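2 protein chains.
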Amino acid sequence: MFKKLVVLFSFAFISACGADNASDEQWRALDLNNTVLLTLPHGKVVIELAPQFSPKHVAQFSALVKKSFYDGAKFYRVIDGFVAQGGPEDGSDKDKSVPILAIEGQFSTDKNWSFTAVQTDDLFAAKTGFKKGFALASDNHNSAWLTHCPGTLAMARGNKADSASSHFYFVIGQAPRYLDKIMTIFGRVVYGMAHIQAIQRTSVIEGEYAIDSRDHTPIVSMKLMADVPVKEQIIIEVENTESADFAERLVKRRARENEFFYNKPPPVLDVCQVPVRSRLVKLQD
Amino acid sequence: MFKKLVVLFSFAFISACGADNASDEQWRALDLNNTVLLTLPHGKVVIELAPQFSPKHVAQFSALVKKSFYDGAKFYRVIDGFVAQGGPEDGSDKDKSVPILAIEGQFSTDKNWSFTAVQTDDLFAAKTGFKKGFALASDNHNSAWLTHCPGTLAMARGNKADSASSHFYFVIGQAPRYLDKIMTIFGRVVYGMAHIQAIQRTSVIEGEYAIDSRDHTPIVSMKLMADVPVKEQIIIEVENTESADFAERLVKRRARENEFFYNKPPPVLDVCQVPVRSRLVKLQD
Numbered sequence: 500m501f502k503k504l505v506v507l508f509s510f511a512f513i514s515a516c517g518a519d520n521a522s523d524e525q526w527r528a529l530d531l532n533n534t535v536l537l538t539l540p541h542g543k544v545v546i547e548l549a550p551q552f553s554p555k556h557v558a559q560f561s562a563l564v565k566k567s568f569y570d571g572a573k574f575y576r577v578i579d580g581f582v583a584q585g586g587p588e589d590g591s592d593k594d595k596s597v598p599i600l601a602i603e604g605q606f607s608t609d610k611n612w613s614f615t616a617v618q619t620d621d622l623f624a625a626k627t628g629f630k631k632g633f634a635l636a637s638d639n640h641n642s643a644w645l646t647h648c649p650g651t652l653a654m655a656r657g658n659k660a661d662s663a664s665s666h667f668y669f670v671i672g673q674a675p676r677y678l679d680k681i682m683t684i685f686g687r688v689v690y691g692m693a694h695i696q697a698i699q700r701t702s703v704i705e706g707e708y709a710i711d712s713r714d715h716t717p718i719v720s721m722k723l724m725a726d727v728p729v730k731e732q733i734i735i736e737v738e739n740t741e742s743a744d745f746a747e748r749l750v751k752r753r754a755r756e757n758e759f760f761y762n763k764p765p766p767v768l769d770v771c772q773v774p775v776r777s778r779l780v781k782l783q784d
Numbered sequence: 500m501f502k503k504l505v506v507l508f509s510f511a512f513i514s515a516c517g518a519d520n521a522s523d524e525q526w527r528a529l530d531l532n533n534t535v536l537l538t539l540p541h542g543k544v545v546i547e548l549a550p551q552f553s554p555k556h557v558a559q560f561s562a563l564v565k566k567s568f569y570d571g572a573k574f575y576r577v578i579d580g581f582v583a584q585g586g587p588e589d590g591s592d593k594d595k596s597v598p599i600l601a602i603e604g605q606f607s608t609d610k611n612w613s614f615t616a617v618q619t620d621d622l623f624a625a626k627t628g629f630k631k632g633f634a635l636a637s638d639n640h641n642s643a644w645l646t647h648c649p650g651t652l653a654m655a656r657g658n659k660a661d662s663a664s665s666h667f668y669f670v671i672g673q674a675p676r677y678l679d680k681i682m683t684i685f686g687r688v689v690y691g692m693a694h695i696q697a698i699q700r701t702s703v704i705e706g707e708y709a710i711d712s713r714d715h716t717p718i719v720s721m722k723l724m725a726d727v728p729v730k731e732q733i734i735i736e737v738e739n740t741e742s743a744d745f746a747e748r749l750v751k752r753r754a755r756e757n758e759f760f761y762n763k764p765p766p767v768l769d770v771c772q773v774p775v776r777s778r779l780v781k782l783q784d
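Protein chains in written order, with my numbering: chain H, 500 to 784; chain G, 500 to 784.
Hints are supplied without guarantee of correctness; some may be wrong.
The list that follows gives simulated cross-link-like pairs (lysine-lysine, DSS-like), each with its CA atoms no further than 27 Å apart [said to hold, decoys possible]:
hint, chain 1, residue 1, chain 2, residue 2
1, H, 626, H, 781
2, H, 565, H, 610
3, G, 555, H, 763
4, G, 610, G, 626
5, H, 626, G, 595
6, G, 763, G, 751
7, G, 781, G, 565
8, G, 763, H, 555
9, H, 543, H, 565
10, H, 659, G, 763
11, H, 730, H, 595
12, G, 565, H, 751
13, H, 763, H, 781
14, H, 593, H, 566
15, H, 555, H, 595
16, G, 722, G, 593
17, H, 763, H, 566
18, H, 730, H, 593
19, H, 659, G, 751
20, H, 626, G, 626
21, G, 555, G, 595
22, H, 763, G, 659
23, G, 631, G, 751
24, H, 631, H, 595
25, H, 763, G, 626
26, H, 781, H, 566
27, G, 781, G, 566
Bear in mind the hints are in silico, worked out from the structure with no lab data behind them.
All values reported here derive from a predicted model rather than from experimental measurement.
Sequences are here, hints too, so could you generate the full structure?
Below, the structure is given as structure tokens:
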């Protein structure tokens, strides 16, 4: 057992140190043009978009946000432990006005592609890890994809692969990894996840009254942080998952050396259970 | 790929049908003496206790509930995506009045032991499955244990294995499976999980103000359902995880035959991502 532990630690450490983006910086500033401020009636949420992984989805979502498309829209499909989905009224002119997107569920990787490795032989993928703050997975055939961890922002779609437009969802429960690759993930919550968890559920169990649509949680506003008056900007920095510090945290998290662990758990890590920390630089003036 | 699918389905189906508790009943009534009504300021939560797995913890917790021990206590350690922990004021006379418990993190199984199988070679265990509604895992050496899925209720402890008394936590995020076996799980939320998710977080990120302890969410009351006046009882039935119906749902969930899955996900199931449904028989008169 001990030997196996040592091998795994070395692996994780070397992988991270070998990443092309290796940096000594523990924290990374967000690009305010790819950061969204979501205002809910009960609090503010900050989202980091992922143009490096899902450029077309981010471009369309950002354009919609810029023209206040989502302001007043509602979270109309909210299932506890699963997703909080929002968007325009289904089938409305507004809904139909948005172009259909080609899915960006996975991307090709070449020999030079690297990431901060977390785990091999994860239940759903050959490898998991992080790249620029985002949890992802890859196979052994030059393909990688973002994973459906809690806090993930992805685009909803119809039955066809290429059928997403403006309806989106946040993952609010145990990672629904079976949706990996067949949905387009294009962002993640970096601040205010508890407010996402407080969105009114719309699904009910057998025997309960239906939730009146008037009680669905509305989006007060959604803006690109770059377009928010400086005084009202929330400035977040996120953990740099390419840093030596983060690699060291992975090693420690796997080892569980703290005496609380009187018996050691298996030396494995669920990529969706590894926190990527945020810190608040400025809340509001 | 297709062949592998077929094998896995057969396995799941046969396992469930072979379970000693196999039943045609899709729903199971709860024992009101092992059901807890937790009243929070913002809603009511129903918890099923697990005396069959953790008898000493359930006995002590039930006895404390019966004498209103938790009424007015607070959720003082609430970390988004992880746990909501509550209990008496740390180190108070009330706190110290409660006997220490020996851990019940796992239990022995014999050849006649059976469960509804979900997955082999889960990242954390050789096998996972359900028994009487509870998600669990087992190794190949006559040992099994409840798993830390979202909604799980477990007893907090100090560094020593045998150091739990009255402080408890609900899992509110991605399953922290590394805590399996070294903590005692003794219940699960069967109704009102959204209210658990709405408990005030107490942990803050760097740069945020601390949360005043006066803002911590209090427990209005916690009662055994059998002790609640009939008019105020919430009567829940839960899915019978030993039923043929549940086994069939597992098969379907693994197969993902719906046309939404234009590409099939891997034929695996995360036991913590399989819903065990509840239905409401009576809310309140």
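Verification of the supplied hints:
1. 626/H - 781/H: violated (36 Å)
2. 565/H - 610/H: violated (37 Å)
3. 555/G - 763/H: holds (24 Å)
4. 610/G - 626/G: With Cα atoms ~15 Å apart, residue 610/G and residue 626/G stay inside 27 Å; holds.
5. 626/H - 595/G: Roughly 47 Å separates the two Cα atoms, so the pair is violated.
6. 763/G - 751/G: holds (12 Å)
7. 781/G - 565/G: holds (22 Å)
8. 763/G - 555/H: holds (24 Å)
9. 543/H - 565/H: holds (17 Å)
10. 659/H - 763/G: Answer holds: residue 659/H to residue 763/G is near 13 Å, not above 27 Å.
11. 730/H - 595/H: violated (35 Å)
12. 565/G - 751/H: Given pair residue 565/G, residue 751/H is violated - Cα atoms ~41 Å apart, limit 27 Å.
13. 763/H - 781/H: violated (39 Å)
14. 593/H - 566/H: holds (12 Å)
15. 555/H - 595/H: Judged against 27 Å, a Cα distance of about 18 Å means the pair holds.
16. 722/G - 593/G: holds (18 Å)
17. 763/H - 566/H: violated (52 Å)
18. 730/H - 593/H: violated (31 Å)
19. 659/H - 751/G: holds (20 Å)
20. 626/H - 626/G: holds (21 Å)
21. 555/G - 595/G: holds (18 Å)
22. 763/H - 659/G: holds (13 Å)
23. 631/G - 751/G: holds (20 Å)
24. 631/H - 595/H: violated (34 Å)
25. 763/H - 626/G: holds (19 Å)
26. 781/H - 566/H: holds (25 Å)
27. 781/G - 566/G: Within the cut-off at roughly 25 Å; holds.
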